[in-house]
Amino acid sequence: MYYEIIYENGEVSVANYDTDEDALAAVTEQHNRAKAGGQNGPQGGPASRIVKVLVYTSHPGDYGTEGGMSTDEVNAGIKDLLKGVDVVNVQNLAAAVSALNHPMVTPESPHDSRFKMDSERELSASWDKA
Amino acid sequence: MATIVFNRMAQMITDYVLGASGTVTPPSAWTMGLSTTVVGSGANMARNSVWSVTVSGSNVNEIGSTTAAGYARQTIAKSINTGSVDWGTSTLDNTFSTGGSSTVADQVTFGAFTGSGPSPNGANSWAITEGTTLNAGLLHVAADTAATRTFAVGDTEKVTATIKAG
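Listed in order, the protein sequences are those of chains U and P.
Note that our numbering has the first sequence beginning at 1, numbered continuously upward.
Note that our numbering has the second sequence beginning at 1, numbered continuously upward.
Same shape as in the complex, but just chain U (with noise of 0.2 Å):
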C-alpha cells in the first residue's frame, strides 16, 4: 500500500509500507522526534509533525501514466479547453492537452492531497498519542 504523508508545514511525501502497522510506526517516530525537538534523519534538520495520512492501493503518481485516457475523457478535456476560444494557439493547446492526464493537482489548503487520485481511505489509528 501507499501512504501519501502529509506534513504540519504543508510538505508530502509517498512511502510504500506493507501494513498499516509498518506506516503507523514510522510517522509516529518522525511526529515523536517533532514534538521532542529532534532531528528529522541521518541528513539533520527539523523533524516535521503529521497531519494527515491518505492510504491509497496504487502509487497516486501513476494516475493517467499507465495506458493513456479514454476518447471521451480526452474529447472532453479539448472541449472545455476551448470553450470560448476563437483562435486557437496550437503549441499552447498541445501542452494544455499533454496536462491532462498530469497526477498533481494544486491543494486548496496546505493539508491536502496534492494528487489527483482519490485515496481510498484516511488512516485512522492516531500517531500523536501523547
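Worth flagging that the hints you see were computed from the coordinates, not collected in a lab.
Non-contacting residues of chain U with respect to chain P, defined by C-beta distances greater than 10 Å in every case (computed):
{"#": "1", "residue": "Val55"}
{"#": "2", "residue": "Asn89"}
{"#": "3", "residue": "Glu122"}
Here are the computed lysine to any residue pairs in the SDA-like style, where the Cα-Cα straight-line distance is at most 25 Å:
{"#": "4", "chain 1": "P", "residue 1": "Lys78", "chain 2": "U", "residue 2": "Glu11"}
{"#": "5", "chain 1": "P", "residue 1": "Lys158", "chain 2": "U", "residue 2": "Ser58"}
{"#": "6", "chain 1": "P", "residue 1": "Lys78", "chain 2": "U", "residue 2": "Asp112"}
What follows is a list of derived Cβ distance ranges for each label pair:
{"#": "7", "chain 1": "U", "residue 1": "Pro46", "chain 2": "P", "residue 2": "Met1", "range": "18 to 26 Å"}
{"#": "8", "chain 1": "P", "residue 1": "Thr148", "chain 2": "U", "residue 2": "Ile78", "range": "42 to 50 Å"}
{"#": "9", "chain 1": "U", "residue 1": "Leu82", "chain 2": "P", "residue 2": "Ser58", "range": "44 to 52 Å"}
Ideal placement from N, C-alpha and C gives every residue a C-beta, glycine not left out.
Chain U is fixed; fit chain P onto it per the hints.
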C-alpha cells in the same frame, strides 16, 4: 558533488525540442528516486546508465527495491510555480563558459522509513527519472548526496533538485 546528465535528457533537446519527436517525449510528471550508486567520474554512472537491480557496470541501483520499508519515488509536477510540488522560475547565469539557465524544484521528502530501513539501504545519489516502479524507467539526471544516507525507523530525507542547462 558529482552530477551527470543521462542521454535521455540530452535527447529531449535533440529529438523532442528540435525535432518534435513523437517517440522521445517527456513524461506526464517527473519522479525522483534514491540510489545506492555514486555518480562518480566515469567509472560508476555513465551517460547510457539504466536502472537495474543488478549491481554491475554502470547500472544504477535503487534503494528499497527488495524491502521498501517506507521508500517510494516522489513525484514532481511538470509545471512551474503552480503551488504543487514543481519547478521554480528559471534564472540565467550569463557566465560565458559555465553559465546557463537553472531552475530549482520544490523540496521533496522521502520516508518516513520503518522497521530496520529499506533494503538495499544507503543512498549515495538522487536521480530525476520517470514512473514509480523501482529500478525501472528512464534516467534523466543524477547527483551525489552530501554523504551516504542510511535510514532507520522514523527517518526522512529531503532533496531539493537544481537543474542547470548550459
